[in-house]
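Next come the chains, spelled out residue by residue.
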Amino acid sequence: MTAITPEEVEHVAVLARLRLSPEEVAHFTGHLGAILEHAADVEALDLADVPPTSHPVHLENVMRPDRVGPTLDRDEVLAEAPAAQENRFRVPPILGVEP
Amino acid sequence: MSSPRDGGTDWEMVIGLEVHVELHTRTKMFSSAPNNFGDEPNTNITPTCLGLPGSLPVLNERAVELAITMGLALNSEIAPSVFHRKNYFYPDMPKDFQISQYDQPICVGGWLELPQGKRIGIERAHLEEDTGKSTHVGGGGGRIHGSDYSLVDYNRAGVPLLEIVSRPHMNSPDEARAYAEELRAILLATGVSDARMEEGSMRVDANVSVRPAGTDELRTRCEIKNLNSFRSLGRAIAYEAQRHIDLYEHGEEPTQETRHWAEDEGRTHTLRSKEEANDYRYFPEPDLVLLNPSREWVEDLRARLPELPAQRRAALREATGGEAADVAAIVARGLDRLVRGAVAAGADPGRALTHAGHNLSMDGAADLDPAAFAALIGMEKAGDLTATQAKTVLAEMVDTGESPEDIAARLGFEAMDTSALEEMVERAVAANDAAWQKFCAGEDKVQGVFVGFVMKETRGQADGKAVSAILRARREASR
Chain A
1 MTAITPEEVE HVAVLARLRL SPEEVAHFTG HLGAILEHAA DVEALDLADV
51 PPTSHPVHLE NVMRPDRVGP TLDRDEVLAE APAAQENRFR VPPILGVEP
Chain B
100 MSSPRDGGTD WEMVIGLEVH VELHTRTKMF SSAPNNFGDE PNTNITPTCL
150 GLPGSLPVLN ERAVELAITM GLALNSEIAP SVFHRKNYFY PDMPKDFQIS
200 QYDQPICVGG WLELPQGKRI GIERAHLEED TGKSTHVGGG GGRIHGSDYS
250 LVDYNRAGVP LLEIVSRPHM NSPDEARAYA EELRAILLAT GVSDARMEEG
300 SMRVDANVSV RPAGTDELRT RCEIKNLNSF RSLGRAIAYE AQRHIDLYEH
350 GEEPTQETRH WAEDEGRTHT LRSKEEANDY RYFPEPDLVL LNPSREWVED
400 LRARLPELPA QRRAALREAT GGEAADVAAI VARGLDRLVR GAVAAGADPG
450 RALTHAGHNL SMDGAADLDP AAFAALIGME KAGDLTATQA KTVLAEMVDT
500 GESPEDIAAR LGFEAMDTSA LEEMVERAVA ANDAAWQKFC AGEDKVQGVF
550 VGFVMKETRG QADGKAVSAI LRARREASR
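Read top to bottom, the protein sequences are chains A and B. Under my numbering, the first residue of the first sequence is numbered 1, with each subsequent residue one higher. Under my numbering, the first residue of the second sequence is numbered 100, with each subsequent residue one higher.
Certain hints may be false.
Which chain A residues face chain B? A few, computed with CB under 7 angstroms, are given here [what the hints assert, rightly or not]:
{"hint": "1", "residue": "Val14"}
{"hint": "2", "residue": "Phe28"}
{"hint": "3", "residue": "Thr29"}
{"hint": "4", "residue": "His31"}
{"hint": "5", "residue": "Leu45"}
{"hint": "6", "residue": "Leu47"}
{"hint": "7", "residue": "Val50"}
{"hint": "8", "residue": "Ser54"}
{"hint": "9", "residue": "Glu60"}
{"hint": "10", "residue": "Val68"}
{"hint": "11", "residue": "Arg74"}
{"hint": "12", "residue": "Pro82"}
{"hint": "13", "residue": "Ile94"}
Calculated Cβ distances over 10 angstroms to all of chain A for the following chain B residues [claimed, not checked]:
{"hint": "14", "residue": "Arg125"}
{"hint": "15", "residue": "Val388"}
{"hint": "16", "residue": "Ser502"}
{"hint": "17", "residue": "Lys555"}
Below are the SDA-like pairs computed for lysine to any residue, each with C-alpha atoms no more than 20 angstroms apart in a straight line [claimed, not checked]:
{"hint": "18", "chain 1": "B", "residue 1": "Lys194", "chain 2": "A", "residue 2": "Thr71"}
{"hint": "19", "chain 1": "B", "residue 1": "Lys232", "chain 2": "A", "residue 2": "Leu32"}
{"hint": "20", "chain 1": "B", "residue 1": "Lys555", "chain 2": "B", "residue 2": "Glu513"}
Calculated directly from the structure, the hints in this document are not laboratory data. All of these numbers come straight from a predicted model, not from anything done at the bench. We treat Cβ as the ideally placed atom computed from N, Cα and C, and that holds for glycine.
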């Protein structure tokens with residue numbers, strides 16, 4: 001039994017704006033299935049006595065003071081953009097375009 | 100609300116609000132770019148704001164402090180919290196995900212008390228980052244639909260936001276407005292946000308549904324966006340609730356969706372949904388670690404909380420015995436400390452409330468010296484100033500900062516002694532004999548003739564009540 005179906009892979013690919021060929025869908029269905037099976041292995045362990053962690057690094061409260069630092073040069077940044085207008089990034093229409 | 104058609108069902112509105120507020124920090128949530136409204140486009144940007152490869156987020160300590168402060172003001176529990184990535188594609192969010200908090204928000208539960216006394220539950224408040232600002236050009240006249248292209252300014256991208264989610268505890272547009280206004284008052288009192296709806300630093304979305312009155316079911320709700328004023332909020336809720344009622348009464352059901360309020364048309368429109376909520380694929384942000392505020396930090400922030408609007412209303416009622424609505428209006432205008440100070444200095448509470456409620460709408464009134472305000476009320480109560488004179492002196496006090504005694508002397512508002520008034524009343528009676536006969540016959544309304552005479556003689560300086568008292572005494576004596 002597989003952990004993930006080709007349809008689910010296609011759905012996730014659409015959400016991630018990835019265009020996959022049928023061969024790639026088959027390939028990633030196997031790949032992702034193997035990863036999920038590994039997660040299922042971990043899930044099968046008895047972890048009742050292990051406190052949940054949200055991060056592999058055991059640090060908390062890493063913060064910076066609220067002080068202004070240097071910013072980027074606008075002209076330099078906009079020169080790298082595919083299109084710019086009126087000191088803004090120019091992008092295609094937002095709604096009505098399928099992924 | 101009653102149904103216009105089936106004659107049976109009474110409907111009740113069920114309203115919850117989601118309020119996004121920009122936190123009043125110097126820099127953004129995860130980068131040291133300035134957090135400034137209205138600057139030149141794309142000047143407040145760093146690699147982190149643009150999601151450039153290799154850039155990393157670092158949490159702003161001040162943003163966390165402000166979130167905790169607001170949580171404490173809303174009686175929330177401050178909990179260990181985790182940042183998540185909320186994944187979707189939109190050009191105003193260059194990383195293609197928004198850093199937000201998901202199942203472990205920083206503020207859990209709580210409540211807010213409306214001026215009329217009702218408590219509205221708080222579900223949660225969580226930290227997240229704002230998006231950039233898009234301007235849609237061409238086609239649809241500035242709207243998304245039909246535009247030819249969009250221009251994006253990333254100055255706002257990454258500005259710290261606190262999203263405050265209420266429970267669905269409001270049952271009318273007025274209650275929803277009162278909640279939003281109270282929330283704003285708390286944000287301003289604590290300095291958490293400048294909460295300007297017109298600049299977008301406070302944005303309110305409303306979840307609206309209806310149910311048969313007296314039941315506690317929760318029916319399909321719609322989320323209304325684009326509410327740019329408290330007035331729009333009230334109108335949009337009333338419209339949307341009626342739309343639901345009409346659907347139910349035609350045997351139909353509303354669809355759960357996000358709708359856009361069109362202020363000029365006075366109605367809501369459906370918005371094409373971006374993606375289903377469960378398709379955001381939230382997962383923990385690996386570049387940020389657990390946020391676990393220490394008890395000491397939280398208690399220090401609690402100790403630094405200012406007096407909040409609800410506490411100020413309670414204190415003013417306690418000090419003056421005023422009505423809830425009058426007291427709420429005075430607190431909303433920031434005049435409560437003046438009134439409490441004056442009452443503490445011995446002023447008559449009723450007169451202090453009356454002046455604050457009616458005669459102190461000018462700028463700078465809140466800065467008035469409470470002792471001087473109390474002195475003015477004392478002069479009025481002693482009869483040294485009439486009500487009209489007191490109002491004039493008060494305006495001068497705010498304007499010039501002079502003492503009420505000096506102003507009264509400068510304006511010639513000397514207390515008129517009773518013998519001078521009596522002499523003037525005698526002349527008024529002598530000049531209006533017919534009116535006097537009527538007055539003696541019990542026609543009280545003609546006394547205006549005499550009061551008018553005296554006022555004219557004194558250029559409005561006389562105390563109308565004192566004149567009236569003299570007239571009545573004279574009538575008694577002549578019987």
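Checked hints:
1. Annotation: interface hint on Val14 (chain A) violated; nearest CB of chain B at approximately 9 angstroms, more than 7 angstroms.
2. For Phe28 (chain A), the interface hint is violated, since its Cβ never comes within 7 angstroms of a Cβ in chain B; the closest pair sits about 16 angstroms apart.
3. Hint on Thr29 (chain A) is violated. Least Cβ distance to chain B is approximately 18 angstroms, over the 7 angstroms limit.
4. For His31 (chain A), the interface hint is violated, the least distance from its beta-carbon to any beta-carbon of chain B being 17 angstroms, above 7 angstroms.
5. Checking Leu45 (chain A) against chain B by beta carbon gives a least distance of about 20 angstroms; that is not within 7 angstroms, so the hint is violated.
6. A cut of 7 angstroms between beta carbons decides the hint on Leu47 (chain A): the least distance to chain B is about 18 angstroms, and the hint is violated.
7. At its closest, the beta carbon of Val50 (chain A) sits 16 angstroms from a beta carbon of chain B; the interface hint therefore is violated under the 7 angstroms criterion.
8. Because the closest C-beta pair between Ser54 (chain A) and chain B is about 5 angstroms apart, less than 7 angstroms, the hint holds.
9. Checking Glu60 (chain A) against chain B: minimum C-beta separation of about 4 angstroms stays under 7 angstroms; hint holds.
10. Nearest Cβ of chain B to the Cβ of Val68 (chain A): about 5 angstroms, under the 7 angstroms cut. The hint holds.
11. The restraint placing Arg74 (chain A) at the interface with chain B holds, with a minimum CB-CB distance near 5 angstroms, inside the 7 angstroms limit.
12. For the restraint placing Pro82 (chain A) at the interface with chain B, the shortest Cβ-Cβ distance is roughly 11 angstroms, beyond the 7 angstroms limit, so the hint is violated.
13. Evaluation of the Ile94 (chain A) hint against chain B yields a held restraint, the C-beta minimum of about 6 angstroms falling below 7 angstroms.
14. With a least beta-carbon separation of about 5 angstroms from chain A, Arg125 (chain B) fails to lie farther than 10 angstroms from that chain, contradicting its non-interface assignment.
15. Once the 10 angstroms rule is applied to beta carbons, Val388 (chain B) is inconsistent with being away from chain A; the minimum gap is 5 angstroms.
16. Ser502 (chain B), annotated as away from the interface, keeps every beta carbon of chain A farther than 10 angstroms; the closest lies near 44 angstroms.
17. Residue placement check: Lys555 (chain B) keeps its beta carbon more than 10 angstroms from all beta carbons of chain A (closest about 65 angstroms).
18. A distance of roughly 18 angstroms separates the Cα atoms of Lys194 (chain B) and Thr71 (chain A); the hinted pair therefore holds under the 20 angstroms criterion.
19. Between Lys232 (chain B) and Leu32 (chain A) the CA atoms are separated by roughly 36 angstroms; this puts the pair beyond 20 angstroms, and the hint is violated.
20. Between Lys555 (chain B) and Glu513 (chain B), the direct Cα distance comes to roughly 16 angstroms. Compliance with the 20 angstroms bound is thereby established for this hinted pair.
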